[in-house]
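In order, the protein sequence lines correspond to chains A and B.
For the first sequence, position 259 matches number 244 in this note's numbering, and the numbering has no gaps at all.
For the second sequence, position 41 matches number 111 in this note's numbering, and the numbering has no gaps at all.
Just to be clear, a hint being listed does not mean it is correct.
[Claimed, not checked] Which stretches of chain B does chain A cover? Using the computed rule of at least three CB atoms under 8 Å from a CB of chain A, they are:
hint	region
1	174 to 180
2	262 to 268
[Unchecked claim] Covered stretches of chain A (chain B as the covering partner; in silico rule of three or more C-beta atoms under 8 Å from a C-beta of chain B):
hint	region
3	13 to 20
4	103 to 109
Note that these hints are calculated values from the structure, not bench results.
For glycine and all other residues, C-beta sits at the position ideal for the given N, C-alpha and C.
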Amino acid sequence: MTATIAAGPAVGPAAAARRVSVTRGYRFELVKLVSQWRIRLLVLACWIAPALFVAAVSRQSTLPVDTLFGRWMHATGWAGPLVMLGFAGTWALPLLTSLVAGDVFASEDRLGTWRHLLVAVRSPRRIFAAKALGSLTVILLLVAGLVCSSAVGGVVAVGDQPLVGLDGHLLTPGDAAGKVLLAWACALAPTLALAGIGLLGSVLLGRSPMGLLLPALVALGMQVAQMMPLPVAVRLALPGYAFISWNGLFTGPAQLGPLLIGIVGSLVWAVTATALAYVLFLRRDFTDLSYEGSARRAVTAGVLPLIGLMAAGVAVVAAATGATGSGIEQDKVQRSLATEFAHLYRMQTEQLNRPAVTEAQLKSTATCTKGSVRVAAEGPGNDWRCVVSWHLPGVEAAGTAIYQLDVTADGRFVADGDGPKEVNGYFLVRTPAGDAPNPLWQFDGNVELLPTPKG
Amino acid sequence: MDTLLAVRARGITKCFGDVVALDGIDLDVAQGQIHGLVGPNGAGKTTLLGLLLGLAVADSGRLEILGTPVGRALAAPDGVAGFVDGPGLYPSLTARQNLAALAALRGHDAQAAGVDDVLGQVGLTEVADDRARGFSLGMRQRLGLAAALLTKPRLLVLDEPSNGLDPAGKKHVHGVLTRLAADGTSVVLSSHRMDDLEALCSEVTIIATGRVVFSGPLTKLAAENRELDYRLRTSDPGAARRLAAGTAGIQVVDHAGARHDADVLVVRALVPACDELVVRLVHAGIAVRELTPVVSPLEAAFLALTEQQETDR
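Let the sequences and hints guide you as you build the complete structure.
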């Protein structure tokens, strides 16, 4: 039986839906985020722990030489924030984005508050915008903490000294500070890409913990990929490449090509993943309280479009740069090593109180082979062997020094001096002021992976 | 009767894939009325409440809320508040912070929005600064109601608001809802607790398998003649039993399934036959100490109507 009361005029006046502005929704999201102990602890940790870490490590006798700039932590406070950046790009930033962006939608699923929120805000679009902006704000706050804290820790513990760049040239403290900030700013792009992926996972997978873990898993996958001998175009198209390509800021001239490609690629990933999350969020059925995502939907609406984006990125990078192979070629390795040797030789000359020379006077060159001489000298590996030659003014004979190079697939290399002892065979040099670290003994360098003009 | 309507639904249908959640639902809720929504699990109550709150959009039919036709967007008109499937609260915030954050969404500060006032109305003043994480289900329900009251709604939609409430909490909630209705706010209330519905609602709608099987005043429901089981406690149970057995329209039920007391008789009858039995008991000098339905008329009607619906399927 269907019975109704007498139908009459409806209650007036007409009451249209009055939506809550994005600004108010954003404040609401911030209140919720900041009220969580987990977020408070993260903020505290990011603003305190890096300073303590950098200060403590800088005072140790053993330095983290495996991390870029780690070997300079005794020499300048500006190496600390760069070591922290290397660590953050590998672990901290993916985990932070997981915990913030990867949870910002899923937390409403866990708490069962979607309906409440939708009734209060009355616009899924604005809810999405507020949540995305709220999580972005917290992520920026955490990143700001990492950079400020590690810089303060380094400068206070070691001092505001010049920094040795990845081609051996000295950066004044002011330049070093500027480049440190710029490097961290560049790392924001892949952080945003991970945040976008976190939002997508959070929307797609609901209460499932996979949503929370997605940015960390993607970052782990990218790290594994960067260790593989992939073609350059694939490497540069990965959304996390800017976590590596900031290295290019510390060479002269700066290796801007890979850096810009990495940043643009990361931003495209960030926008695409966020847009996908937005579309999927608007299509969501909010009446289903037990929503835990759907594996099929996650694949078709989340994974496949991103695979498509990756393929398109590879194609665009390959077409635009003409880059093929590993990008690590004999000529580039030789030039990088020779240039860096010249800069560091000047530094050693100064340490030893010898007559000053310039890079132009040294005319340093390097001859490198890799493994067996029958094998083409290209690609990553720890079997690169180089002989560096240089000239001193007024000396007819050329000096030579041997290096073993370990070149990784991302273009970074560690040069290990093999003698002669008085040039690069021993970790200390005897200066008028006493023993000091030998800058030519071991050093980090960087090979640009994109094609470069020969010369 | 010319009644102002807070909700007018006609032929509302909503499907989830192959599942028909609502099948041509009609519903009218008058201004200032507390309207009960009853139905077995899966009947479509939550879906209907979700439509009223703007959480979902009907596939077909016409829905007007507070005089405004509801469009395709997921948004309830202004003046609608409430919750379905329990209130949404943020456990890391205190009760006051939960409400203040909601007030801020509307551009008000906590004081101007009357946060303390609504906390007082639902009896949570003493725990206003405690985090919602530690709240019992009943306290959460009351805080959810306070959150809804904060918007000064003209239509309040509540799903099982009495869940987990102790008698004092229930009294608070009933008081609030009654005052709201007296002030002109319409309340749509879903509950499995028939005593709540009977205490609060002037009208009910019974839904089964997505269809309305009854809608109207409770008095009309009671008037739909059905035999009910009554507990009859008298001063002389033996004589009362003999008298009941000899009264037309009265059936003595020996195994009613209810708690058995030696001085209690369970009889099954229509209301007129029950009246006749009382008259005869009094004439016979037997004191009637208790005469109550074993199950409430609403519950009996609910069971009868929904079971009938199942049988028809």
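Verification of the supplied hints:
Under a criterion of three residues with beta carbons nearer than 8 Å to beta carbons of chain A, the stated coverage of the region 174 to 180 of chain B is upheld, 4 such residues being counted. Restraint check on the region 262 to 268 of chain B versus chain A: 0 residues with Cβ-Cβ distances below 8 Å, three needed, restraint violated. With a cut-off of 8 Å between beta carbons, the region 13 to 20 of chain A has 4 residues touching chain B; three or more are needed, and the interface restraint holds. Using a Cβ-Cβ cut-off of 8 Å, 7 residues of the region 103 to 109 of chain A lie near chain B, which meets the minimum of three, so the contact claim holds.
Checked against the numbered hints listed earlier, the structure breaks hint 2 alone; every other hint is satisfied.
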